Amino acid sequence: MLSAAASGIPRLRWAAPPRHTLARTQWLLLSSSPTRTPAPAAAGPGGLEPPDLPRLAKSARISLSPEEAEEFSPKIQQVVDWFGQLQAVDLECIEPSLRAGTAAGSSLREDRPEPFANRDAIIEALPSYDDPYIKVPRVLNKE
Amino acid sequence: MALTLLRGIRTPTLFRTNVGLFCTARHPPLAHFTTRAGGMQTTEPKAAPKSIQQATKEAAEHKTRGFEAVIGIETHVQLSTITKAFCSCPYNYGSQPNSTVCPTCMGHPGTLPVLNAKVVDCAVKLGLALNCEISMTSKFDRKQYFYPDLPKGYQISQFDIPIAEKGYLDLDLPVEFGGGHRRFGITRVHMEEDAGKLLHSESGSYSQVDLNRAGVPLLEIVSEPDMRTGIEAAEYGAEIQRLVRYLGVGNGNMQEGSLRCDVNVSVRPIGQPEFGTKVEVKNMNSFSEISRAIDYEISRQILLHKESQADQIVQETRLWDESSQKTFTMRKKEGLADYRYFPEPDLPEVVLTSEYIDEIRNSMPELPEAKRRRYENMGLSMQDVIFLANDDNVAHFFDATLERGADAKLAANWIMGDITAYLKNEKLSIDEIKLTPLELSELIASIKNGTINGKIGKEILVELIAKGGTVKSVIEEKDLVQIADPAAIEAIVDQVLADNPKQLEQYRAGKTKLQGFFAGQVMKASKGKASPVLLNKILAEKLKGNQ
Numbered sequence: 001m002l003s004a005a006a007s008g009i010p011r012l013r014w015a016a017p018p019r020h021t022l023a024r025t026q027w028l029l030l031s032s033s034p035t036r037t038p039a040p041a042a043a044g045p046g047g048l049e050p051p052d053l054p055r056l057a058k059s060a061r062i063s064l065s066p067e068e069a070e071e072f073s074p075k076i077q078q079v080v081d082w083f084g085q086l087q088a089v090d091l092e093c094i095e096p097s098l099r100a101g102t103a104a105g106s107s108l109r110e111d112r113p114e115p116f117a118n119r120d121a122i123i124e125a126l127p128s129y130d131d132p133y134i135k136v137p138r139v140l141n142k143e
Numbered sequence: 001m002a003l004t005l006l007r008g009i010r011t012p013t014l015f016r017t018n019v020g021l022f023c024t025a026r027h028p029p030l031a032h033f034t035t036r037a038g039g040m041q042t043t044e045p046k047a048a049p050k051s052i053q054q055a056t057k058e059a060a061e062h063k064t065r066g067f068e069a070v071i072g073i074e075t076h077v078q079l080s081t082i083t084k085a086f087c088s089c090p091y092n093y094g095s096q097p098n099s100t101v102c103p104t105c106m107g108h109p110g111t112l113p114v115l116n117a118k119v120v121d122c123a124v125k126l127g128l129a130l131n132c133e134i135s136m137t138s139k140f141d142r143k144q145y146f147y148p149d150l151p152k153g154y155q156i157s158q159f160d161i162p163i164a165e166k167g168y169l170d171l172d173l174p175v176e177f178g179g180g181h182r183r184f185g186i187t188r189v190h191m192e193e194d195a196g197k198l199l200h201s202e203s204g205s206y207s208q209v210d211l212n213r214a215g216v217p218l219l220e221i222v223s224e225p226d227m228r229t230g231i232e233a234a235e236y237g238a239e240i241q242r243l244v245r246y247l248g249v250g251n252g253n254m255q256e257g258s259l260r261c262d263v264n265v266s267v268r269p270i271g272q273p274e275f276g277t278k279v280e281v282k283n284m285n286s287f288s289e290i291s292r293a294i295d296y297e298i299s300r301q302i303l304l305h306k307e308s309q310a311d312q313i314v315q316e317t318r319l320w321d322e323s324s325q326k327t328f329t330m331r332k333k334e335g336l337a338d339y340r341y342f343p344e345p346d347l348p349e350v351v352l353t354s355e356y357i358d359e360i361r362n363s364m365p366e367l368p369e370a371k372r373r374r375y376e377n378m379g380l381s382m383q384d385v386i387f388l389a390n391d392d393n394v395a396h397f398f399d400a401t402l403e404r405g406a407d408a409k410l411a412a413n414w415i416m417g418d419i420t421a422y423l424k425n426e427k428l429s430i431d432e433i434k435l436t437p438l439e440l441s442e443l444i445a446s447i448k449n450g451t452i453n454g455k456i457g458k459e460i461l462v463e464l465i466a467k468g469g470t471v472k473s474v475i476e477e478k479d480l481v482q483i484a485d486p487a488a489i490e491a492i493v494d495q496v497l498a499d500n501p502k503q504l505e506q507y508r509a510g511k512t513k514l515q516g517f518f519a520g521q522v523m524k525a526s527k528g529k530a531s532p533v534l535l536n537k538i539l540a541e542k543l544k545g546n547q
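Protein chains in written order, with full-length UniProt numbering: chain S, 1 to 143; chain V, 1 to 547.
Because the hints were derived from the structure by calculation, they are not lab data. Incorrect hints may have been included.
Within a straight-line C-alpha distance of at most 27 Å, the following computed DSSO-like cross-link-like pairs (lysine-lysine) qualify [unchecked claim]:
1. V/Lys-478 x V/Lys-544
2. V/Lys-448 x V/Lys-427
3. V/Lys-478 x S/Lys-58
4. V/Lys-282 x S/Lys-135
5. V/Lys-472 x V/Lys-502
6. V/Lys-409 x V/Lys-467
7. V/Lys-424 x V/Lys-458
8. V/Lys-427 x V/Lys-458
9. V/Lys-326 x V/Lys-197
10. V/Lys-513 x V/Lys-502
11. V/Lys-458 x S/Lys-135
12. V/Lys-448 x V/Lys-527
13. V/Lys-511 x V/Lys-467
14. S/Lys-58 x V/Lys-458
15. S/Lys-75 x V/Lys-544
16. S/Lys-135 x V/Lys-197
17. V/Lys-434 x V/Lys-502
18. V/Lys-478 x V/Lys-513
19. S/Lys-75 x V/Lys-478
20. V/Lys-524 x S/Lys-58
21. V/Lys-478 x V/Lys-455
22. V/Lys-152 x V/Lys-197
23. V/Lys-524 x V/Lys-544
24. V/Lys-434 x V/Lys-306
25. V/Lys-197 x V/Lys-166
26. V/Lys-472 x V/Lys-513
27. V/Lys-409 x S/Lys-58
28. V/Lys-143 x S/Lys-135
29. V/Lys-455 x V/Lys-326
30. V/Lys-152 x V/Lys-166
No experiment lies behind these values; they were computed from the predicted model shown.
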């Protein structure tokens with residue numbers, strides 16, 4: 001889902017003619033879709049390519065049965081279409097920004113330690129714990 | 001000497017033979033030295049590196065002919081902040097596993113990251129030190145992959161707009177390796193968080209994770225592919241370590257993993273504009289290992305080229321194995337990893353002001369390159385310059401000694417000679433001894449003005465290092481003032497000659513080497529206090545027989 005959204009976002013930007021070239025091209029780099037075609041004319045609802053369900057599921061480490069894939073496909077298509085609709089928004093007089101909802105001003109934290117008090121609860125919540133380590137399935141480093 | 005290739009440096013005969021060899025590497029296109037690969041085929045891997053290096057020197061030189069290596073380095077610097085990058089968990093290396101964790105760094109749902117201001121300070125410092133352009137506005141992105149040491153399923157990093165980019169790093173190659181000044185390009189510096197530590201249980205049936213390190217701030221420095229030899233790469237790493245330590249942004253400790261270098265090595269026929277297929281080499285725990293790993297990898301690739309098997313060089317990650325001095329395939333790259341980067345929605349952009357950047361710039365200490373140039377202008381030899389600027393504590397001590405009026409060359413000699421020998425012996429660092437820069441300058445002055453001689457100076461130095469105190473008090477306490485009265489020395493010489501008639505006879509019969517014996521006896525009789533110049537002058541006259 002996130003992936004579908006992510007590859008949708010850059011396209012959104014193409015709807016408006018580029019004013020801030022730097023920011024724009026860098027946004028585009030974010031798209032991981034191998035079939036990215038900068039065709040602003042084709043943008044609009046349904047103008048985005050249909051999501052590749054098996055690939056999305058694989059990236060998210062979710063196993064889907066063919067039936068489930070069939071069931072989810074139109075739902076995800078709907079999300080993509082929604083992003084397609086956003087492309088119709090006129091951005092002509094909007095200053096491009098790196099991020100949405102930036103509250104200028106300090107959002108930083110002082111480098112002061114505050115150990116988390118309820119460590120026991122965290123450890124408790126671990127699915128598999130082998131004191132003092134978290135136990136996970138075997139991961140091979142070398143082949 | 002924390003320079004690279006310590007083992008090599010301790011072997012004078014080795015680097016004497018290597019000087020010519022490394023000199024040829026001064027002209028960047030051609031790396032005329034490679035080690036090991038050839039030697040490994042005929043020599044036991046465990047054999048002393050030096051002899052292998054020597055044995056394979058010629059073969060290696062012959063083998064690289066016609067090819068050049070292209071090396072780029074990605075360095076991860078762990079920042080020595082008190083807390084993690086995005087949560088307030090304290091981090092200390094070696095803490096009880098999974099003890100410094102919280103819902104944020106463990107990736108629990110509903111938690112939000114808040115950036116540690118100190119991380120930005122460190123990034124701007126290092127960015128400036130690497131002569132980079134600093135981005136007034138940068139942002140964080142999510143790099144997504146699945147691995148058990150990454151609780152959130154993504155790493156918060158910077159993708160398309162790093163905090164610093166387009167810089168360079170200046171350094172001086174050690175004299176033993178031909179010397180020379182180098183400038184290597186820096187592509188970018190970005191902020192990101194570290195992953196946890198993954199361990200493999202002994203039975204191998206499962207793996208273990210320690211998440212203390214998860215979320216610890218890192219700066220990743222990406223170099224341009226500007227290096228051509230293992231030495232250049234190792235020196236680049238060493239200079240990054242120096243910068244990190246000078247700036248105080250990290251401890252730069254490679255053994256603890258606070259400084260990690262991943263190198264990309266490719267080889268191409270000289271004159272070919274395109275790069276060859278690059279191979280990533282990891283798992284080097286010292287600069288000397290970096291140098292040897294790269295040289296091995298270069299030889300391996302050139303050999304494949306020469307045997308028309310260049311297609312066997314594939315894009316992959318190889319691990320350096322220190323015990324066999326070889327690299328081994330870790331994993332083949334299956335195309336480009338798809339990290340599905342997208343802007344981190346939980347963090348606002350990082351906005352800097354020029355006032356802030358100026359403030360950081362003004363707070364920065366003199367950096368190694370500036371120090372080296374300053375020392376060079378004092379007329380010190382490049383070997384002295386590199387040594388003194390290598391460790392900022394040593395440089396501080398040296399500078400402080402000069403501020404007390406000491407002569408640069410003499411101060412350098414004392415620090416690099418007797419003081420360093422003592423430190424090495426006692427495994428101390430220069431800021432842990434009781435000798436102060438003021439007393440070193442006093443010592444130098446006392447020798448210069450003839451109050452004491454050099455030999456006594458050495459004795460006083462050891463006393464001052466171990467027990468502290470002042471040069472004056474030690475001289476007075478032990479009555480060490482140099483005997484500079486010719487009459488007094490003449491009296492001692494006469495006595496010694498009278499006490500050793502047999503030797504005197506031999507001397508006059510032509511065994512002039514005995515002058516050293518007499519000089520020693522006189523010095524001993526004076527309790528080491530005789531002025532050596534006067535002693536030798538008077539002794540020589542007396543021996544000639546002007547009795």
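Could you work out which earlier hints the structure fails to respect and list their numbers in ascending sequence?
-> Numbers 1, 2, 3, 5, 11, 13, 14, 15, 17, 18, 19, 20, 24, 25, 26, 27, 29, 30, in rising order.
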